[in-house]
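I would like the entire structure built from these sequences, with the hints used as guidance.
Quick note, the sequence shown lines up with residues 863 to 1069 if you use our numbering.
To be clear, the hints were calculated from the coordinates, so they are not data collected in a lab.
Where hints are given, some of them may not hold.
[Claimed, not checked] Label pairs and their computed distance ranges (CB to CB): (1) 896 / 1050: 20 to 30 Å; (2) 929 / 995: 11 to 21 Å; (3) 909 / 1010: 21 to 31 Å.
Note that CB positions come from ideal geometry on N, CA and C, so glycine has one too.
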Amino acid sequence: MTTVPAFPNSSAIQPVDLPRALAPLVPTWLWRLTVVASAAGGVGLSLASYGGDVRTLPVAASLLVAVTYTGLAVTALAAPRVEATLLRGMLAVLMVVVAGVHSVLLTGDYSPGWSVLVHAVTPALVVADYVLLARGPIRLWHPIAGLVLPAAYLVAYRQSDPGFYGFLEPGSRNADLVVPGLALVTLGGALVLGWLASLRAGRPAAR
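Take a look at the structure:
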């Protein structure tokens, strides 16, 4: 006697309410799009109104943030469990360097709209995203790994020698002091970022 396979009752299969399933993910998606808008807006305004160069640190960093957070905005809906904590920590360190160099080593002028975006607003958003919103395991070496990005920029700058930053020129009188000092300050800032992020998460940072 042939057994007819049983099929589930179609009435027992509950359809997925896609809008309701996505609703909790929308705030994260909108937040990351806000970061994208700030970063992309700063890059666009810099290139359009100032004739900026994508090889400058703030414009290059904002462009990297815009591209990265576009991908993170997509994953917020498509793969919400992907936190990319390491990547967000690295970008947070990079943006601290951007804001710090502008305010301490350069003019600190925020008068043009693009300058406010690339030197203040975007760095603040990226740091807040990591320190306040990053979930998942927070490890001390996450922000420390962010030293790779400023170091990569320094190597590329020395190779191309565009002449944007006198204190980075090999022949500069203060280059031998500024670069190591900046590296130490960046390392300290990276450790503080990791500590704050772990503090917000309510647990000590893992190694």
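Going down the list of hints, with the structure as the test:
| no. | hint | verdict |
| --- | --- | --- |
| 1 | 896 / 1050: 20 to 30 Å | holds, 29 Å |
| 2 | 929 / 995: 11 to 21 Å | holds, 19 Å |
| 3 | 909 / 1010: 21 to 31 Å | holds, 26 Å |
Figure legend: structure checked against the earlier numbered hints; every hint is met.
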